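Q: Just need the whole structure built from these sequences, with the hints factored in.
Number of protein chains: 2
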Amino acid sequence: MRLSRYFLPVLKETPSEAQIVSHRLMLRAGMIKQASAGIYSWLPLGFKVLRNIERIVHGEQARAGHIPMLMPTLQSADLWRESGRYDAYGPEMLRIRDRQDRDMLYGPTNEEMITDIFRSHVGSYKDLPLTLYHIQWKFRDEMRPRFGVMRGREFLMKDGYNFDLTKADALHAYNRHLVSYLRTYERMGLQAIPMRADSGPIGGDDTHEFLVLAETGESEVFYDAEITELKFGDREIDYDSVEQCQAVLEEFTSRYARTDETHDAEMFAKIPEDRQRVARGIEVGQIFYFGTKYSEAMGATVSDGEGNKVPVHMGSHGIGVSRLVGAIIEASHDDKGIIWPEGVTPFHCGIVNLKQGDAEADAACDALYSSLTALGLDPLYDDRNERAGGKFATMDLIGLPWRITVGPRGLKNGVVELTSRRTGESEEMPPEEAVQRISQIYSANA
Amino acid sequence: MRLSRYFLPVLKETPSEAQIVSHRLMLRAGMIKQASAGIYSWLPLGFKVLRNIERIVHGEQARAGHIPMLMPTLQSADLWRESGRYDAYGPEMLRIRDRQDRDMLYGPTNEEMITDIFRSHVGSYKDLPLTLYHIQWKFRDEMRPRFGVMRGREFLMKDGYNFDLTKADALHAYNRHLVSYLRTYERMGLQAIPMRADSGPIGGDDTHEFLVLAETGESEVFYDAEITELKFGDREIDYDSVEQCQAVLEEFTSRYARTDETHDAEMFAKIPEDRQRVARGIEVGQIFYFGTKYSEAMGATVSDGEGNKVPVHMGSHGIGVSRLVGAIIEASHDDKGIIWPEGVTPFHCGIVNLKQGDAEADAACDALYSSLTALGLDPLYDDRNERAGGKFATMDLIGLPWRITVGPRGLKNGVVELTSRRTGESEEMPPEEAVQRISQIYSANA
Numbered sequence: 001m002r003l004s005r006y007f008l009p010v011l012k013e014t015p016s017e018a019q020i021v022s023h024r025l026m027l028r029a030g031m032i033k034q035a036s037a038g039i040y041s042w043l044p045l046g047f048k049v050l051r052n053i054e055r056i057v058h059g060e061q062a063r064a065g066h067i068p069m070l071m072p073t074l075q076s077a078d079l080w081r082e083s084g085r086y087d088a089y090g091p092e093m094l095r096i097r098d099r100q101d102r103d104m105l106y107g108p109t110n111e112e113m114i115t116d117i118f119r120s121h122v123g124s125y126k127d128l129p130l131t132l133y134h135i136q137w138k139f140r141d142e143m144r145p146r147f148g149v150m151r152g153r154e155f156l157m158k159d160g161y162n163f164d165l166t167k168a169d170a171l172h173a174y175n176r177h178l179v180s181y182l183r184t185y186e187r188m189g190l191q192a193i194p195m196r197a198d199s200g201p202i203g204g205d206d207t208h209e210f211l212v213l214a215e216t217g218e219s220e221v222f223y224d225a226e227i228t229e230l231k232f233g234d235r236e237i238d239y240d241s242v243e244q245c246q247a248v249l250e251e252f253t254s255r256y257a258r259t260d261e262t263h264d265a266e267m268f269a270k271i272p273e274d275r276q277r278v279a280r281g282i283e284v285g286q287i288f289y290f291g292t293k294y295s296e297a298m299g300a301t302v303s304d305g306e307g308n309k310v311p312v313h314m315g316s317h318g319i320g321v322s323r324l325v326g327a328i329i330e331a332s333h334d335d336k337g338i339i340w341p342e343g344v345t346p347f348h349c350g351i352v353n354l355k356q357g358d359a360e361a362d363a364a365c366d367a368l369y370s371s372l373t374a375l376g377l378d379p380l381y382d383d384r385n386e387r388a389g390g391k392f393a394t395m396d397l398i399g400l401p402w403r404i405t406v407g408p409r410g411l412k413n414g415v416v417e418l419t420s421r422r423t424g425e426s427e428e429m430p431p432e433e434a435v436q437r438i439s440q441i442y443s444a445n446a
Numbered sequence: 001m002r003l004s005r006y007f008l009p010v011l012k013e014t015p016s017e018a019q020i021v022s023h024r025l026m027l028r029a030g031m032i033k034q035a036s037a038g039i040y041s042w043l044p045l046g047f048k049v050l051r052n053i054e055r056i057v058h059g060e061q062a063r064a065g066h067i068p069m070l071m072p073t074l075q076s077a078d079l080w081r082e083s084g085r086y087d088a089y090g091p092e093m094l095r096i097r098d099r100q101d102r103d104m105l106y107g108p109t110n111e112e113m114i115t116d117i118f119r120s121h122v123g124s125y126k127d128l129p130l131t132l133y134h135i136q137w138k139f140r141d142e143m144r145p146r147f148g149v150m151r152g153r154e155f156l157m158k159d160g161y162n163f164d165l166t167k168a169d170a171l172h173a174y175n176r177h178l179v180s181y182l183r184t185y186e187r188m189g190l191q192a193i194p195m196r197a198d199s200g201p202i203g204g205d206d207t208h209e210f211l212v213l214a215e216t217g218e219s220e221v222f223y224d225a226e227i228t229e230l231k232f233g234d235r236e237i238d239y240d241s242v243e244q245c246q247a248v249l250e251e252f253t254s255r256y257a258r259t260d261e262t263h264d265a266e267m268f269a270k271i272p273e274d275r276q277r278v279a280r281g282i283e284v285g286q287i288f289y290f291g292t293k294y295s296e297a298m299g300a301t302v303s304d305g306e307g308n309k310v311p312v313h314m315g316s317h318g319i320g321v322s323r324l325v326g327a328i329i330e331a332s333h334d335d336k337g338i339i340w341p342e343g344v345t346p347f348h349c350g351i352v353n354l355k356q357g358d359a360e361a362d363a364a365c366d367a368l369y370s371s372l373t374a375l376g377l378d379p380l381y382d383d384r385n386e387r388a389g390g391k392f393a394t395m396d397l398i399g400l401p402w403r404i405t406v407g408p409r410g411l412k413n414g415v416v417e418l419t420s421r422r423t424g425e426s427e428e429m430p431p432e433e434a435v436q437r438i439s440q441i442y443s444a445n446a
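Just so you know, the sequences run in chain order S and D. The opening residue of the first sequence carries number 1 in this note's numbering; numbering runs sequentially from there. The opening residue of the second sequence carries number 1 in this note's numbering; numbering runs sequentially from there.
It should be emphasised that the hints constitute simulated quantities derived from the structure, not laboratory data. Please read these numbers as outputs of a predicted model, since none were measured by experiment.
Pairs of lysine-lysine, DSS-like flavour, derived with a Cα cap of 25 Å:
1) D/Lys33 <-> S/Lys126
2) D/Lys336 <-> D/Lys355
3) S/Lys167 <-> S/Lys309
4) D/Lys309 <-> S/Lys12
5) S/Lys293 <-> S/Lys309
6) D/Lys12 <-> S/Lys309
7) D/Lys293 <-> D/Lys126
8) S/Lys126 <-> D/Lys12
9) S/Lys12 <-> D/Lys126
10) S/Lys309 <-> D/Lys33
11) D/Lys33 <-> D/Lys12
12) D/Lys33 <-> S/Lys293
13) D/Lys126 <-> S/Lys33
14) S/Lys355 <-> S/Lys336
15) D/Lys293 <-> S/Lys33
16) D/Lys355 <-> S/Lys126
17) D/Lys309 <-> S/Lys33
18) D/Lys336 <-> D/Lys12
19) D/Lys126 <-> S/Lys355
A: Set out below in structure tokens:
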């Protein structure tokens with residue numbers, strides 16, 4: 001993309017309404033614009049990051065064998081009356097009346113609807129196991145929406161639901177989700193720690209939240225420092241293997257890690273003192289096993305092959321897709337702006353032309369742009385007629401991980417400059433080599 | 001995807017509530033499930049088609065230089081009060097009150113919101129031309145939702161908005177959209193005819209609807225038979241060229257083609273009688289030029305470089321993404337089921353194993369599956385333990401354009417059968433050749 005043809009409304013001033021760094025940077029980098037309280041438009045740069053996160057989520061869900069679909073945003077109140085949650089949910093549920101005076105609501109989650117789909121179409125244990133998921137906008141009418149997309153009212157979530165014949169099968173689905181979530185967050189450049197959690201209005205006994213450590217996190221967290229050394233990495237896993245998934249769960253929950261909601265001071269005290277950590281975290285996902293809570297209430301049963309109709313065991317599993325954009329920035333920025341991990345960056349690299357209008361510099365930039373796009377890469381070429389300082393500041397603010405700087409002086413020696421946003425280090429090299437290097441970085445990250 | 005692990009709840013009976021063939025077939029093929037009146041869940045097969053349509057729309061928008069973003073579903077009533085449409089819109093607008101008693105609405109379209117974004121960030125003619133678009137769920141509270149996704153209440157639409165300094169520039173944007181829409185529909189296997197239309201509540205003088213001919217269409221259409229011979233095909237076009245885009249508009253609007261709303265019996269009568277056609281059509285898109293209607297009302301001005309602040313010229317341009325799923329089926333089916341055009345098919349081909357459990361047949365199917373997926377293709381392998389007749393009926397119903405049939409008898413001679421869903425013709429060939437043929441078909445369609 002050529003910046004002269006793009007829509008990137010960066011702000012010079014820091015918006016006063018933004019209390020946390022991700023909100024400030026998202027506004028300054030022209031990623032979002034508030035439409036009303038807690039409701040945002042995703043401007044082009046922000047939308048690209050959102051789509052990249054969706055892409056990673058879809059990719060890892062497919063790997064785990066989960067099946068994508070899409071449920072609508074508006075739901076009928078009747079379904080929620082069946083589960084008893086219509087009255088229980090409280091004022092965060094946005095209740096709507098349509099022109100026929102039917103009670104509707106903007107879905108804050110989809111347990112009822114997916115259970116209804118299941119009971120309408122599935123009747124036999126032979127169709128199990130089954131995990132369906134979607135990525136859809138949700139609404140929670142927060143009293144005090146704040147922190148930008150981190151605590152918005154209209155937010156994008158991946159929510160998945162497993163249906164299994166037995167509790168053991170459902171716990172395998174739970175473990176499978178834990179594994180796939182670890183992979184998902186790592187591909188976004190995040191370390192998200194599974195912590196034992198409270199189930200809240202979803203219900204159920206088994207639940208883990210995934211928390212990203214960040215000073216601005218809304219939760220206080222307590223953990224054993226050893227847990228931050230665990231990486232899923234690029235190990236291969238067979239998602240059908242109960243043993244392999246169970247082993248990952250055990251490994252990643254073997255160290256103490258809890259939020260204030262479930263914190264146990266006595267257990268925490270038993271950790272060697274030099275490993276005790278108290279910090280803050282941002283919740284970016286949660287997995288639940290809740291057994292037959294919804295299937296019993298709503299009559300979602302299957303024949304078990306022995307002549308009985310039994311309610312299915314279920315769980316639900318969520319990833320906060322829009323919230324992750326903020327969480328990644330909270331975890332990865334400096335005083336100049338955002339630093340995108342390669343997995344989610346809106347453009348693979350920036351090209352800065354130090355002397356727009358100089359025939360040689362323009363030609364070199366055009367050639368770089370063509371070579372990169374021919375390799376399937378997506379560069380942002382700052383072809384505006386602006387000072388170098390302003391171009392660098394914009395690139396630093398929007399946080400592309402790599403920048404190629406092209407100027408007449410370097411070109412005389414046949415070189416351009418490749419700069420890492422993270423380290424700030426620059427290296428001179430021929431343009432073809434810069435293209436090669438960037439291509440290698442992203443193939444390693446694919 | 002192996003069918004044994006998929007969620008494809010096909011129905012044996014024809015659902016009685018469905019009045020038109022696309023609705024019946026979408027229900028029978030397990031593509032959708034009604035959630036409430038006019039609101040649907042997209043089951044996995046339907047969701048795949050929806051995503052394919054989105055992918056084509058995004059691809060063609062990128063080619064035309066239009067920039068993707070995403071606006072929220074809920075909007076503040078205040079914005080609509082500025083344009084005067086809050087009171088004018090009528091009962092199809094779903095009005096909502098949040099917990100703070102603020103008036104909100106579920107967006108039926110986004111002229112106000114995009115104009116607000118524009119006026120907040122753009123102040124100079126130098127930032128023009130600019131075309132922003134999004135693909136987002138909309139809501140229109142239809143009194144009588146019907147025909148499945150063809151006339152739903154919650155529906156997915158691509159809507160794009162151009163901002164230009166002059167009327168001439170905005171008319172170029174209009175023409176650019178017309179060209180890109182012709183390409184978009186053809187890639188979906190559709191012929192959509194641009195017809196002069198009424199502007200309705202959007203406003204403006206220049207507007208064309210795109211109509212797909214189908215017996216079940218809601219509009220009566222009148223046209224010169226010659227127009228159906230026009231194809232955009234694979235011609236190259238420079239979207240920046242005013243002349244080239246204008247020439248396409250002239251070519252595709254050179255023959256009489258109107259809906260009943262704008263029909264002119266006198267003009268129609270002048271067409272040679274053997275070319276006069278009266279038929280029915282489904283509207284799948286519409287483009288508008290409406291000048292300064294919103295920019296004046298909402299103060300969206302730019303400096304024109306000569307010291308004046310002038311309101312920008314705008315247009316809006318929509319494609320009915322979810323409706324297209326139904327429209328494609330209306331245009332492409334037979335008495336056995338759907339016939340997907342290659343561009344939007346949910347799976348590239350089906351693999352039918354005539355004797356599941358036979359070691360050789362299973363191995364041949366597995367090998368086919370691996371070869372196809374290694375080439376980036378997405379086959380649906382019916383690995384269920386069912387009769388051949390049932391497997392064929394399912395494949396015919398869900399409409400994959402190509403089927404590979406594998407059985408012990410053919411394998412003895414080293415062949416499988418490749419069948420075209422459209423023609424019904426089958427050909428025997430070695431498995432490798434079938435893979436090659438399918439790969440070639442889809443590279444030609446990429």
